[in-house]
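Put together the whole structure using the sequences plus the hints.
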Amino acid sequence: MAFSKQQIAARAAREIAPGSIVNLGIGLPTLVADHIPEGNDVWLQSENGILGMGPFPYEGDEDPRLINAGKQTVTIVPGGSTFDSATSFSMIRGGHVDLAILGAMQVAQNGDLANWAIPGGKTLGIGGAMDLAAGARRILVLTSHVTKDGEAKLVKECSFPLTAARVVQRIITDLAVIDVTPEGFRLVELAPGVELDQVRAGMDAELLS
Amino acid sequence: MAFSKQQIAARAAREIAPGSIVNLGIGLPTLVADHIPEGNDVWLQSENGILGMGPFPYEGDEDPRLINAGKQTVTIVPGGSTFDSATSFSMIRGGHVDLAILGAMQVAQNGDLANWAIPGGKTLGIGGAMDLAAGARRILVLTSHVTKDGEAKLVKECSFPLTAARVVQRIITDLAVIDVTPEGFRLVELAPGVELDQVRAGMDAELLS
Amino acid sequence: MSEPAVQEGRHRRKVRESVAAALEGLGDGARVMVGGFGLCGNAEALIRGVLEAGVKDLTLISNNSGNLEKGLAAWLKADIVRRVICTYVGNNEDLHRKMADHSIEVEIIPQGTFVERMRAAGAGIPAFYTPTGVGTVVAEGKEHRDFDGVTNILEHALSADFALIRAHQVDPFGNVRFWRTARNFSPAMATAAHTTVVEADELVPLGAFDPDDVHLPGIFVHRVVEVREHEDPFEYRRVRPRPDAEGGA
Amino acid sequence: MSEPAVQEGRHRRKVRESVAAALEGLGDGARVMVGGFGLCGNAEALIRGVLEAGVKDLTLISNNSGNLEKGLAAWLKADIVRRVICTYVGNNEDLHRKMADHSIEVEIIPQGTFVERMRAAGAGIPAFYTPTGVGTVVAEGKEHRDFDGVTNILEHALSADFALIRAHQVDPFGNVRFWRTARNFSPAMATAAHTTVVEADELVPLGAFDPDDVHLPGIFVHRVVEVREHEDPFEYRRVRPRPDAEGGA
Numbered sequence: 001m002a003f004s005k006q007q008i009a010a011r012a013a014r015e016i017a018p019g020s021i022v023n024l025g026i027g028l029p030t031l032v033a034d035h036i037p038e039g040n041d042v043w044l045q046s047e048n049g050i051l052g053m054g055p056f057p058y059e060g061d062e063d064p065r066l067i068n069a070g071k072q073t074v075t076i077v078p079g080g081s082t083f084d085s086a087t088s089f090s091m092i093r094g095g096h097v098d099l100a101i102l103g104a105m106q107v108a109q110n111g112d113l114a115n116w117a118i119p120g121g122k123t124l125g126i127g128g129a130m131d132l133a134a135g136a137r138r139i140l141v142l143t144s145h146v147t148k149d150g151e152a153k154l155v156k157e158c159s160f161p162l163t164a165a166r167v168v169q170r171i172i173t174d175l176a177v178i179d180v181t182p183e184g185f186r187l188v189e190l191a192p193g194v195e196l197d198q199v200r201a202g203m204d205a206e207l208l209s
Numbered sequence: 001m002a003f004s005k006q007q008i009a010a011r012a013a014r015e016i017a018p019g020s021i022v023n024l025g026i027g028l029p030t031l032v033a034d035h036i037p038e039g040n041d042v043w044l045q046s047e048n049g050i051l052g053m054g055p056f057p058y059e060g061d062e063d064p065r066l067i068n069a070g071k072q073t074v075t076i077v078p079g080g081s082t083f084d085s086a087t088s089f090s091m092i093r094g095g096h097v098d099l100a101i102l103g104a105m106q107v108a109q110n111g112d113l114a115n116w117a118i119p120g121g122k123t124l125g126i127g128g129a130m131d132l133a134a135g136a137r138r139i140l141v142l143t144s145h146v147t148k149d150g151e152a153k154l155v156k157e158c159s160f161p162l163t164a165a166r167v168v169q170r171i172i173t174d175l176a177v178i179d180v181t182p183e184g185f186r187l188v189e190l191a192p193g194v195e196l197d198q199v200r201a202g203m204d205a206e207l208l209s
Numbered sequence: 001m002s003e004p005a006v007q008e009g010r011h012r013r014k015v016r017e018s019v020a021a022a023l024e025g026l027g028d029g030a031r032v033m034v035g036g037f038g039l040c041g042n043a044e045a046l047i048r049g050v051l052e053a054g055v056k057d058l059t060l061i062s063n064n065s066g067n068l069e070k071g072l073a074a075w076l077k078a079d080i081v082r083r084v085i086c087t088y089v090g091n092n093e094d095l096h097r098k099m100a101d102h103s104i105e106v107e108i109i110p111q112g113t114f115v116e117r118m119r120a121a122g123a124g125i126p127a128f129y130t131p132t133g134v135g136t137v138v139a140e141g142k143e144h145r146d147f148d149g150v151t152n153i154l155e156h157a158l159s160a161d162f163a164l165i166r167a168h169q170v171d172p173f174g175n176v177r178f179w180r181t182a183r184n185f186s187p188a189m190a191t192a193a194h195t196t197v198v199e200a201d202e203l204v205p206l207g208a209f210d211p212d213d214v215h216l217p218g219i220f221v222h223r224v225v226e227v228r229e230h231e232d233p234f235e236y237r238r239v240r241p242r243p244d245a246e247g248g249a
Numbered sequence: 001m002s003e004p005a006v007q008e009g010r011h012r013r014k015v016r017e018s019v020a021a022a023l024e025g026l027g028d029g030a031r032v033m034v035g036g037f038g039l040c041g042n043a044e045a046l047i048r049g050v051l052e053a054g055v056k057d058l059t060l061i062s063n064n065s066g067n068l069e070k071g072l073a074a075w076l077k078a079d080i081v082r083r084v085i086c087t088y089v090g091n092n093e094d095l096h097r098k099m100a101d102h103s104i105e106v107e108i109i110p111q112g113t114f115v116e117r118m119r120a121a122g123a124g125i126p127a128f129y130t131p132t133g134v135g136t137v138v139a140e141g142k143e144h145r146d147f148d149g150v151t152n153i154l155e156h157a158l159s160a161d162f163a164l165i166r167a168h169q170v171d172p173f174g175n176v177r178f179w180r181t182a183r184n185f186s187p188a189m190a191t192a193a194h195t196t197v198v199e200a201d202e203l204v205p206l207g208a209f210d211p212d213d214v215h216l217p218g219i220f221v222h223r224v225v226e227v228r229e230h231e232d233p234f235e236y237r238r239v240r241p242r243p244d245a246e247g248g249a
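Residue numbers (this note's numbering), protein chains in the order written: chain A, 1 to 209; chain B, 1 to 209; chain C, 1 to 249; chain D, 1 to 249.
Everything labelled a hint here was simulated from the structure, so no lab data went into it. Certain hints may be false.
What the hints assert, rightly or not - Here are the simulated PhoX-like cross-link-like pairs (lysine-lysine), alpha carbons at most 25 angstroms apart as the crow flies:
(1) C/LYS70 / C/LYS98
(2) A/LYS122 / D/LYS77
(3) C/LYS77 / B/LYS122
(4) D/LYS77 / D/LYS56
(5) C/LYS98 / B/LYS122
(6) D/LYS70 / D/LYS98
(7) B/LYS5 / B/LYS148
(8) A/LYS122 / D/LYS98
(9) A/LYS156 / D/LYS70
(10) C/LYS142 / D/LYS56
(11) D/LYS56 / D/LYS98
(12) C/LYS56 / C/LYS70
(13) C/LYS70 / B/LYS122
In this text, all values refer to a predicted model and were calculated from it rather than measured experimentally.
Right, here's the structure in full:
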C-alpha cells in the first residue's frame with residue numbers, strides 16, 4: 001500500500017507540536033499545511049517575509065504582492081505579520097523556528113541533507129534551504145523512498161552537494177518513518193501494508209529496527 | 001570678546017550642509033538645533049530612535065515616551081520616523097549620518113577624541129559616543145577652548161581615555177575655529193576680538209596659521 | 001511504533017493573568033535584559049515584580065540602570081544585581097557608589113555594539129567585526145583585524161535568559177507595537193533572550209494589527225501580561241512656551 | 001578665513017520627474033541591487049529604465065533574475081549583465097543557458113547569508129560569522145572558526161553602487177512603506193547601496209506617515225520617482241474555490 005503524498009503530509013502534521021513555529025519547504029512539505037488541526041496555535045513562517053501564513057486565497061482575492069516562498073499567492077491569518085528578509089532570516093538562523101519540514105534528494109545516515117543540486121544537473125539554486133537546514137531547531141524530511149529511477153535516497157553518504165551537515169532528525173517516506181540516530185537510520189514505523197524488507201531494499205544504508 | 005555658547009552653536013550651524021543628516025551630541029551641540037535655517041532639508045538623528053527630531057514640545061504636549069538621546073522631551077517633525085536601536089545604530093555605524101557634532105574633553109592634533117571619561121573621575125558612560133565618533137562621515141567638535149581650571153583641551157596627545165582615534169575634522173571653541181590636518185591643528189578663523197596668541201596660549205599643541 | 005514528538009511548543013497560551021506568573025522561572029543568577037532608554041520604555045510592573053520575587057545575583061543587561069530613584073534603581077538599592085552590562089551610568093549615584101566599592105561588576109560598552117551584539121545573538125551570528133571602539137579601552141584584549149584598510153575588533157553575541165519588554169499594544173500571540181522612542185532596545189532584546197516577557201498597556205485581539213505594521217512579531221515573544229497603568233516618569237521634562245493662545249507641536 | 005563646508009548634501013530634492021532622471025549616473029559596469037522575491041516587489045519601471053539607458057556589463061545583485069520572461073529576464077535577454085549574485089535560479093532558462101555557456105558569471109549563495117551580507121554593509125559591519133553553509137560548497141575557501149563548539153564560516157559585507165527599490169508609498173524625504181511580501185530584500189539593499197532609487201506606486205506628502213509606521217526611513221533613500229501603473233504579474237497564481245456564494249479570505 002504505502003503512504004500517498006497526502007498521507008505523508010498527514011503523518012508529518014502529527015510531528016508538529018501545538019504552539020510551534022513551522023517552516024514548510026517547497027513541494028511535498030507544502031501539502032502539510034492542510035493537515036494541521038485548527039486552534040493548535042501552529043504558526044507557519046514563510047522565509048520571504050510572513051509569519052502566520054494562511055491557505056491559498058479565495059478566487060478573486062489573490063494579490064500578486066502576497067506570496068509564499070514558492071511564489072504562489074497566499075493569505076495571512078489574523079495575528080500574522082509581514083517583514084523584510086533580514087528579519088525573516090533572523091527568525092530562521094537565530095533558532096526561533098521550531099521545525100522545518102523539507103524535501104530531500106538524499107539523506108545520509110549521519111543526518112547530512114542534500115536537497116539543492118544534482119551534479120551535472122540543472123542547478124535551481126540554494127534559496128533559503130541552507131539557512132533552514134542549519135538554523136531551524138528540528139529538521140523533518142519528507143521524500144519519496146526512492147527516486148523515479150528506483151535509486152535510494154537514504155544513503156550511507158551523500159553523493160550530491162550537501163545543503164547542511166548532520167541536521168536531519170526524522171524522515172517520512174512513502175514506505176516508512178525513519179529516525180537519524182547516533183547509530184544510523186532507525187525505523188520508527190512502517191507505512192500500512194509495507195514490509196521491513198521492502199524499506200531496506202530501497203535504501204543504500206543500514207536500517208536498525 | 002570670544003564666542004558665546006550661542007555663537008559657537010550658530011557658527012556650527014554654518015557647517016551643516018543643506019540636505020544632510022546630523023546627529024547632535026548632548027550639551028553644547030544640542031544648542032545648534034536652534035540655528036539651523038528652516039527649509040534646509042536638514043534632518044536631525046537621535047540615536048535613541050528618531051530621524052527628524054523637532055524642537056522641545058509646547059507646554060502640555062510633552063510625552064515621556066518621546067525623548068532625545070539626552071532623555072529630554074522632544075517632538076518629531078513631519079516626515080520624521082521612529083525605529084529601534086539596531087536600526088538607529090545601523091544609520092550611525094553604516095556611515096549614513098553625514099555629520100556628528102560632539103562635545104569634547106580633549107582633542108589631539110591627530111584628531112583623537114576623548115569625551116567620555118576622566119581618569120580617576122566619575123565615569124558617566126560611553127553611550128553612543130564611540131559609535132558616532134567612529135561612524136559618522138564628518139566629526140565636528142564644539143568645546144570651550146580650555147577647561148574651567150584653565151587646562152588646555154586641544155593637545156598634542158590625549159591623556160584621557162579615547163572615544164575614537166583620528167576622527168575629528170574641525171573644532172569650534174569660544175576662541176577659534178580650528179581644523180585637524182595631516183600637519184596638525186590649523187587655524188581656520190578667530191572669534192571676533194580674539195588674538196592668535198590668546199588661542200595658542202590655551203593650547204598644549206602647535207597651531208599652524 | 002513510537003509516538004511522534006508532540007510536546008507543547010512555546011507559542012501557546014502566552015497571556016498571563018499576573019506579573020508574578022509572567023516572571024515564573026526567573027531565578028537567582030539569571031541574566032536579564034531590560035528594555036528602555038533611561039526610564040523611557042521601561043517595563044515598570046515587571047521590574048517591580050522581579051524585586052518582589054526576591055531573586056538575587058542577577059546579571060542586568062540594560063542601556064541604563066535607573067535614574068531619579070526610579071526604574072531599575074530599585075534593583076540596585078535592593079542589592080539583587082551582581083553584574084551590569086550597560087552603556088551609560090549617568091547620574092545614577094547608587095551605581096557609582098557600588099562601582100567605586102566594587103560591590104557590583106560593571107561592563108560599559110558602546111551603545112551600537114551593545115544593541116548589535118544582542119541583535120547578533122537573536123539572528124544566529126556568534127560574532128562580528130566593528131570599527132567602533134578601536135584605539136580605546138573597549139578594544140583591549142580583543143582580536144583586531146583589518147578589512148579594506150580599516151581596523152576592526154571582534155565582538156561576540158550577547159544573549160540572556162529573560163528579556164523584560166514594555167509594549168504599547170500586544171495581541172495574544174505576542175505581536176507588539178511600541179510607542180515612539182519607547183521602542184529602543186526592546187526588539188533586539190526580545191530576539192536575544194530565551195524567554196521574552198511583554199508588559200503591554202493594552203492587550204488587543206488577534207487580527208487587530210495590520211500585518212505590515214507589527215513592530216515585533218510574536219515569534220520573539222513568549223509571555224504577555226496587560227498592565228494598564230504606568231507612571232512613565234519624565235526624566236528631563238523640557239518644554240517651550242506656546243507662541244500664543246493656539247498652536248500645537 | 002576659509003568658508004565652512006556647505007556643499008549640498010544628498011538628502012535634498014529627491015523627487016525625480018522621470019525614470020531616466022532617477023537612474024542618472026548608473027553606468028557601464030555598475031553593481032546594481034534589485035529588490036523583489038521573484039517578480040514580487042520588482043521596481044518594474046526602473047528595471048525597464050536601465051535597459052533603455054543602454055548600459056552594459058552590470059553586476060546584478062538580486063534574489064532571482066526574472067522568470068516567465070518578465071522582470072529582470074529582460075536584462076539577461078539583452079546581455080547587459082556580466083555577473084549575477086543571487087540565491088535562486090529556478091526555471092529561468094536564459095540564466096541556465098548563460099551559466100552553461102559561461103557567458104555570465106553566477107554566484108549562488110544562501111538567502112539568509114545574502115540578505116545578512118547586505119544588512120552588514122549597511123550597518124558598518126565588514127564581516128560576520130555564520131554556521132549556514134558549513135560543510136557545503138558555500139564554505140569552500142572560507143575561513144572556518146568554532147564558537148561555543150559550533151563551526152562557522154566568515155562572510156563579508158555586500159554593497160552596491162545602486163539599489164532599485166519598489167515601494168508602495170513614499171514621501172518626498174524618501175520614507176517608504178511597502179505592501180505585504182513585496183518588502184523582502186529592499187530595506188537591506190537600500191542600506192547597502194551608495195545610491196538608492198525608489199519607485200513608488202504613490203508619492204504622498206511629508207507627514208502622511210505615522211512616525212512609528214515608516215518601514216524604511218528616508219536616510220537610506222536618495223531618489224524617488226512615482227510610477228502609478230504596475231503590472232505586478234502573478235508568478236504562480238493559486239486560489240481555492242469559495243465555499244459558497246459569500247465568505248472571504
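Against the structure, the hints:
no., hint, in the structure
1, C/LYS70 / C/LYS98, "17 angstroms, holds"
2, A/LYS122 / D/LYS77, "19 angstroms, holds"
3, C/LYS77 / B/LYS122, "19 angstroms, holds"
4, D/LYS77 / D/LYS56, "12 angstroms, holds"
5, C/LYS98 / B/LYS122, "12 angstroms, holds"
6, D/LYS70 / D/LYS98, "17 angstroms, holds"
7, B/LYS5 / B/LYS148, "14 angstroms, holds"
8, A/LYS122 / D/LYS98, "12 angstroms, holds"
9, A/LYS156 / D/LYS70, "42 angstroms, violated"
10, C/LYS142 / D/LYS56, "44 angstroms, violated"
11, D/LYS56 / D/LYS98, "16 angstroms, holds"
12, C/LYS56 / C/LYS70, "19 angstroms, holds"
13, C/LYS70 / B/LYS122, "21 angstroms, holds"
When held up to the earlier numbered hints, the structure conflicts with 9, 10 and fits the remainder.
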